[in-house]
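The residues making up each chain are set out below.
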Amino acid sequence: MVSEVENILVEIREHVRAEEEAKRAASGDRATLEQPAASPGGLTSPESLAHLSAHLTTTARAWDRLPPVVSNRTGMTARIELWIKRRLKKLGHWFTWEQVNFNSAVHHALVETEQALSRQAQELAGLRAALAGESETRGNELAQKEKEIQTLRSAIDEQARKQATQYAQSQAAEQEARSAVEARLSSLAGELRERDEQLSAEQRVCFKQLSLETSEAAVLEDRGRRAIEARVRKLEETRDSARDKAADARG
Amino acid sequence: MAGQKNDLYARAGIADVGDFYRHKFVSDEVLDARYFKALDRFDLRFARTMWVFDNIRAGSDVLDLGCGAGMLALLKRKGVTLTGIDLSPECARAARRNGYDATLTTTLSNLPFSDASFDYVVSLDVLGHVGFEEKDAVLGEIKRVLRPGGVTMHGIECIDRNAQKNYEEMDADELRRFVEIDGHVGLEEEQEHAARFRRFFKHVAWESRYALCLSSEEFLKQADQYGLNYFERDFLDYLRGLSFKERRAFDMAMGYVFNKISDLNVQLPKSGLYVFLKASQATLGSFYNEHRDRRALYSPNETAGELACLDRNAAVTFDDGWYEPNFLPPVARWMGKCGRIRFASSSLSSIALDLTTHLPDLRDHPLRLDVLLNGEQVSSFMLFRHSWLNLHLPVPTPLNLAAGGKFELEIRADRTWRPRPASDEARDDRELSIAVCNIEIRSEPPAVAGG
Chain A
146 MVSEVENILV EIREHVRAEE EAKRAASGDR ATLEQPAASP GGLTSPESLA
196 HLSAHLTTTA RAWDRLPPVV SNRTGMTARI ELWIKRRLKK LGHWFTWEQV
246 NFNSAVHHAL VETEQALSRQ AQELAGLRAA LAGESETRGN ELAQKEKEIQ
296 TLRSAIDEQA RKQATQYAQS QAAEQEARSA VEARLSSLAG ELRERDEQLS
346 AEQRVCFKQL SLETSEAAVL EDRGRRAIEA RVRKLEETRD SARDKAADAR
396 G
Chain B
45 MAGQKNDLYA RAGIADVGDF YRHKFVSDEV LDARYFKALD RFDLRFARTM
95 WVFDNIRAGS DVLDLGCGAG MLALLKRKGV TLTGIDLSPE CARAARRNGY
145 DATLTTTLSN LPFSDASFDY VVSLDVLGHV GFEEKDAVLG EIKRVLRPGG
195 VTMHGIECID RNAQKNYEEM DADELRRFVE IDGHVGLEEE QEHAARFRRF
245 FKHVAWESRY ALCLSSEEFL KQADQYGLNY FERDFLDYLR GLSFKERRAF
295 DMAMGYVFNK ISDLNVQLPK SGLYVFLKAS QATLGSFYNE HRDRRALYSP
345 NETAGELACL DRNAAVTFDD GWYEPNFLPP VARWMGKCGR IRFASSSLSS
395 IALDLTTHLP DLRDHPLRLD VLLNGEQVSS FMLFRHSWLN LHLPVPTPLN
445 LAAGGKFELE IRADRTWRPR PASDEARDDR ELSIAVCNIE IRSEPPAVAG
495 G
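Heads up: the sequence lines are chains A and B, in that order.
Plus 145 on top of the position in the first sequence (first one is 1) and you've got the working numbering.
Plus 44 on top of the position in the second sequence (first one is 1) and you've got the working numbering.
Rather than coming from a laboratory, the hints here were simulated on the basis of the structure.
Owing to the predicted nature of the structure, the values given are computational and were not obtained by experimental measurement.
Here a beta-carbon is modelled for each residue, glycine too, at the ideal position from N, C-alpha and C.
Please note that the accuracy of each hint is not assured.
What the hints assert, rightly or not - Ranges of calculated distance between the beta carbons of each label pair, as one might list FRET restraints:
#1 B:Leu437 - A:Arg349: 15 to 21 angstroms
#2 B:Trp461 - A:Ala375: 51 to 57 angstroms
#3 B:Ala446 - A:Ser386: 24 to 30 angstroms
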């Protein structure tokens, strides 16, 4: 009986130490790790469950235990006392068993509650882990997206710079082309003017050549006509002379 | 020929015969009789023309079959009415420009003239281009359009079957190369041509020509293109090395001999190259010089009183510093580094002329020109642009009085250029400076002072 009590005390001491160590560890972890927030009542926190589990260890062991019938007296008084206690024990047996039953019910209800809470805590931990995983995935994705956005932004910036450069170049090229076109137009205009002048000069010379040829032809025609007229006159004179001679001969 | 299926042309890959002849025979050369220099009668280029010229009656009607650019334009000096027909409209236009009275684009086998329209029907280098299946139709048409007593004269390319293959013996490639040279699809031997004419005309006479005298170009063409091996290789190499002026001198010498052979009526052996042929229903006169009268070649053109244009005047001498007239337009003569013009005029008060140059880089290097009259400098100037310049030169009275009616106008240029590269097929290495035309002289009496 004494050793049993000692054991209980040892267990209680170890349990208190374990709790203190757990508290220290928890406070140390909080400093470095961000723990998920405890529920408002603290019932689902690991510490609470640990407390509950420790208490349930005690209740599991002690819910049907009754205090032993002992006496600190000696002698007769002691025997009387023990006798009375035994009689009282028998008389209060129904009450005791009711209490034991109640203890049992409470203990088991608490065990089940603890188990439910543990499952819930596990589920919560699972969910938390899933959430953490999801969060990490999302975070990674977000980081990836940010990286991509950064890359895209760099590309866009590069493209914008290129476009700006190209625009500047095209502006310069356009300006250059405009200048070249204007110069070419000016040159063409000059060339055209020169060709026009050459063509005019060529036409002038051609017309002059035609004019000279025409005047030559006109002179030749005039001389030919006059030669023909002279021959006709000569023929007429010959004819008249012959006619006169014939008339003279007849006369 | 156009429009008719000619198997040899087709086999030679010539689809458009008119176009083929346009590329072969259209030129801008000036054949206008008014620009003909008397000395050109010795040029072998005009040897065939001179044969016709000496065989036609002045004032007659002449039809030139296949007139080309107008090789018979010189006949206008004899006052003939000259009509030309050709396959190519461009050739017809060129002949018209060179003085033909009328030119038409038509085929030889369907002449658009009524019967008995011409005193002479002439062709030079044409019947060798008429396919065998068409020759009789052409001769029939010639006979139809000739007047009674009319004469037909032809210069015909021939073939020497001992030296060259028949058309039937040539493979496709040989035929293509042969026809592409000149378009000859109807070459026959000399006696075969004569025999064909005898079927249509009572009187036919023919003479082999070009057995001795060929132009420098023709020597090279016969050797290089037709593959004739009559000629010595070193002689051909010598001809290849001749300059433009040397070639002209060679051709003049050859032409002189050619004319003398005609004048002396020397019978030449068969040449296998060419034949002169005359045919008529009437009795033929002499083969050469039947109507020889060359006065028109020398007599000066009549000109108008105080104004005369020297360009077309036969009495004016353009020395060797000038090249033959070219149709630029206008018709103008190119000059080398120095050219002289000799002419006679009772009095001379001014000279006017138009000149131009095609010299490159004229702006940077103007062309210096000096004009001298009877050795006295009358003008000097720099030409710095490509355009026609009208130059008017008053003649100092003392110079006019001292000339005694004889003048020599000399133009000197300080540089020349060669318009064609030395590698040019035409081997034209002429050195040119300026082109001149419309050279007018005025002989106005000196103005009275205070008048």
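Verification of the hints:
no., hint, verdict
1, B:Leu437 - A:Arg349: 15 to 21 angstroms, "holds, 18 angstroms"
2, B:Trp461 - A:Ala375: 51 to 57 angstroms, "holds, 53 angstroms"
3, B:Ala446 - A:Ser386: 24 to 30 angstroms, "violated, 50 angstroms"
The structure shown violates just one earlier hint, number 3.
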